[in-house]
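Number of protein chains: 2
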Amino acid sequence: MDTASLTGKDLAAAINADTTARAKALTERAGRAPRLALVVANEDPASAWYVNSLKKSAANRGIDCDTVDLGADASADTLRTELSVRSADPETDAIMLQTPLPAGVTLDDVSAAIAATKDVDGVSPLSLGLLAAGSAGFAPATAEAVVELLKHHGVALEGRHVAVVGRSNVVGKPLAHLLLAENATVTVCHSRTTNLPAVTAAADVVVAAAGRIGLVTGANVREGAVVIDVGTNESSDGKIVGDVDAESVRGIAGGLSPVPGGVGPVTTALLMRHVVLAAERPR
Amino acid sequence: MDTASLTGKDLAAAINADTTARAKALTERAGRAPRLALVVANEDPASAWYVNSLKKSAANRGIDCDTVDLGADASADTLRTELSVRSADPETDAIMLQTPLPAGVTLDDVSAAIAATKDVDGVSPLSLGLLAAGSAGFAPATAEAVVELLKHHGVALEGRHVAVVGRSNVVGKPLAHLLLAENATVTVCHSRTTNLPAVTAAADVVVAAAGRIGLVTGANVREGAVVIDVGTNESSDGKIVGDVDAESVRGIAGGLSPVPGGVGPVTTALLMRHVVLAAERPR
Chain A
1 MDTASLTGKD LAAAINADTT ARAKALTERA GRAPRLALVV ANEDPASAWY VNSLKKSAAN
61 RGIDCDTVDL GADASADTLR TELSVRSADP ETDAIMLQTP LPAGVTLDDV SAAIAATKDV
121 DGVSPLSLGL LAAGSAGFAP ATAEAVVELL KHHGVALEGR HVAVVGRSNV VGKPLAHLLL
181 AENATVTVCH SRTTNLPAVT AAADVVVAAA GRIGLVTGAN VREGAVVIDV GTNESSDGKI
241 VGDVDAESVR GIAGGLSPVP GGVGPVTTAL LMRHVVLAAE RPR
Chain B
1 MDTASLTGKD LAAAINADTT ARAKALTERA GRAPRLALVV ANEDPASAWY VNSLKKSAAN
61 RGIDCDTVDL GADASADTLR TELSVRSADP ETDAIMLQTP LPAGVTLDDV SAAIAATKDV
121 DGVSPLSLGL LAAGSAGFAP ATAEAVVELL KHHGVALEGR HVAVVGRSNV VGKPLAHLLL
181 AENATVTVCH SRTTNLPAVT AAADVVVAAA GRIGLVTGAN VREGAVVIDV GTNESSDGKI
241 VGDVDAESVR GIAGGLSPVP GGVGPVTTAL LMRHVVLAAE RPR
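Keeping their order, the protein sequence lines are chains A and B. The first sequence begins at 1 in UniProt numbering and counts up by one. The second sequence begins at 1 in UniProt numbering and counts up by one.
Hints are computed from structural coordinates only; laboratory data are not their basis. Watch out, some of these pointers could steer you wrong.
To be verified - Just some of the chain A residues that point at chain B, by a computed CB distance under 10 angstroms:
hint, residue
1, 16
2, 126
3, 127
4, 137
5, 158
6, 159
7, 172
8, 176
9, 180
10, 185
11, 186
12, 187
13, 189
14, 193
15, 282
For glycine and all other residues, C-beta sits at the position ideal for the given N, C-alpha and C.
With the hints as constraints, model all of the structure from the sequences given.
Structural data, given as structure tokens:
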């Protein structure tokens, strides 16, 4: 069968246009632009590249962006203090904490210091709990991007069986809750799952989010299933590739999101939308 | 095949013995018994019955218990204030908020006022998020009781496929996270699941937690599967019955937890253990 390419570019463009308009309206109303603090404590080149791309996206939307570089030796205390100060600062609307964190510091150690109302990438335990409970809070942008991409391409979720491969706190787990909220039946699989191919082959929708090249192949999906690829891995020849073996899946799946150009641009667009939503919040 | 009865009585007794010993040690060390506040705002007979049974359990363990009755007309503000005061009170170790809440007040409106360190039934969004993220926090006792009952009866979870039927914030969702932490593959099903019998029939372990009589029958489980019944429903002839049609499941399942006498006693025992754990916390 023909496998549709579930690209994220049009959706991202539509979200971005809305965000830009809302940022403009906010700026006119408040006399200042929405403001995002990017807190960095590493010297990782991939993180630096990502921070740069976020700064560009923010600038394109009319969002001010402070990069707060605490250095790769920052302690958990230093990080918590900075995140608390920014959480209390009325001029800061949104906070994103970059990974990797300094050696010995975990996201768990520090993320609770980000106020849930400013936690635009949904990394704190409270944000995760609010999401799980169906209360107001920000979902991790990548997890939300998966659901928005599926909706954009008209993939029904109600009553359908979705297999999420990967159980990270930033993708797999929050995604399971977002899918449950859409009335999907959700199976969460992971590295310890016995007979993963049989589990994914039983699903109407397969989301690959484990960070492993070749995790999902054509042999593991059923005819007509929809496959969303959340992976961004570096291949041996230096290309960015997903978790899905696209070549073998094409012709079997009903739809497949490309990497790059699928979940990625929607994720960035949603992050910027979250910044504007945080800035719009009455206080 | 022979279906083992997965009773909770021995396990509950073992937990209770440990809790009683620890409460005694705490009382000797601190000069006061561990203290649980039961906050009630209803005139529901079932709730009154449950509060009474909790008070009895607490007394049997050597735990002091305050019942704080705010009346069935209490506002969300009144509830939040009481929960905040108890959260800040150094003499209160643990807090349980009873349901139902007054008309128009939801658990979402008030549960965040319970400090996570005292939230012994894990009802607040922060507690749910801590659980989901794998951080320190109290799980809802019923969800934890399911996992403890399975372990007690030697049911392996690692790599096994568990179907959880029901997606409530107090059982289904937290249970999914507890099972993932045990390296199970977890499918969450619910009222909108298409072809529920096929989903449960594919599972090694089925947990029925939807509050519906006859939800799981022998036709929906596979030979040798383990079935845990979380339901407590009142049958037409006034008996307490679970979600599982025990008669049809017996002879097919490898094990089945009875109602009453399965998950129930373990739940109460774990609640009292949580009170002692909260009281043992250094501060």
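**Report entry** List of violated hint numbers, smallest to largest
**Finding:** 1 and 15
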